[in-house]
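Visitor: Sequence:
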Amino acid sequence: MVPALRTSAAAIGSRLIATSVEQASDRVKEGQSLHLSLAETRLVPGLALEMIEVGEASGALTAMLTSVAEFYEEEVDTRLQRSLSLIPILILLVMAVVIGFILIALYLPLFSLQVGSVGG
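Residues 1 to 120 in this note's numbering are what the sequence shown lists, from first letter to last.
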């Protein structure tokens with residue numbers, strides 16, 4: 001498991017997460033369980049830690065890590081789709097503001113001229 005953690009740490013782009021995984025691999029090498037080692041980093045979500053703990057206890061860590069990866073992949077996809085569905089709404093709102101500004105800029109002088117001619 002320690003070589004796998006070291007390889008994972010080397011492949012991670014974030015220095016913070018890579019350092020945390022390296023520290024966790026050192027703790028695992030010293031005999032601490034994986035879930036406790038990852039819990040000390042405070043970067044791994046609680047649900048993932050619980051699933052890793054169950055996987056360690058049952059001897060099915062590989063299957064449990066696969067389940068964790070699939071779960072979070074689905075969650076990322078769901079959030080991404082939700083965020084992407086907001087883009088057309090934001091574009092519509094920006095266009096409404098721009099068009100409203102243009103209309104005000106065009107009609108304000110006309111209204112000013114009408115008010116000026118009525119009063120004078």
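Because the hints were derived from the structure by calculation, they are not lab data. Note that CB positions come from ideal geometry on N, CA and C, so glycine has one too. One should not assume that every hint holds.
To be verified - Pairs of lysine to any residue, SDA-like flavour, derived with a Cα cap of 20 Å: (1) 29 - 49; (2) 29 - 71; (3) 29 - 3; (4) 29 - 47; (5) 29 - 39; (6) 29 - 40.
Unchecked claim - Pair ranges (Cβ atoms, derived): (7) 40 - 89: 17 to 27 Å; (8) 15 - 101: 23 to 33 Å; (9) 98 - 56: 54 to 64 Å.
Visitor: Indicate, hint by hint, whether the structure satisfies it.
Guide: Quick rundown of the hints versus the structure:
1. Using a Cα cut-off of 20 Å, the hinted pair residue 29 and residue 49 holds, with the two alpha carbons roughly 18 Å apart.
2. For the hint pairing residue 29 with residue 71, the CA-to-CA distance comes to about 28 Å; that exceeds 20 Å, so the pair is violated.
3. About 10 Å separates the Cα atoms of residue 29 and residue 3, which keeps this hinted pair within 20 Å; it holds.
4. For the suggested pair residue 29 and residue 47, the alpha carbons sit about 24 Å apart, so the restraint of at most 20 Å is broken.
5. Proposed proximity of residue 29 and residue 39 is supported: the alpha carbons are some 16 Å apart, at most 20 Å.
6. At most 20 Å may separate the alpha-carbon atoms for a hinted pair to count; residue 29 and residue 40 meet this at roughly 15 Å.
7. Taking 17 to 27 Å as the suggested C-beta distance range, the pair residue 40 and residue 89 does not conform, at roughly 42 Å.
8. The hint said 23 to 33 Å for the Cβ distance between residue 15 and residue 101, and at roughly 44 Å that hint is violated.
9. For the pair residue 98 and residue 56, the supplied restraint of 54 to 64 Å holds, since their beta-carbon distance comes to about 57 Å.
The earlier numbered hints that this structure contradicts are 2, 4, 7 and 8.
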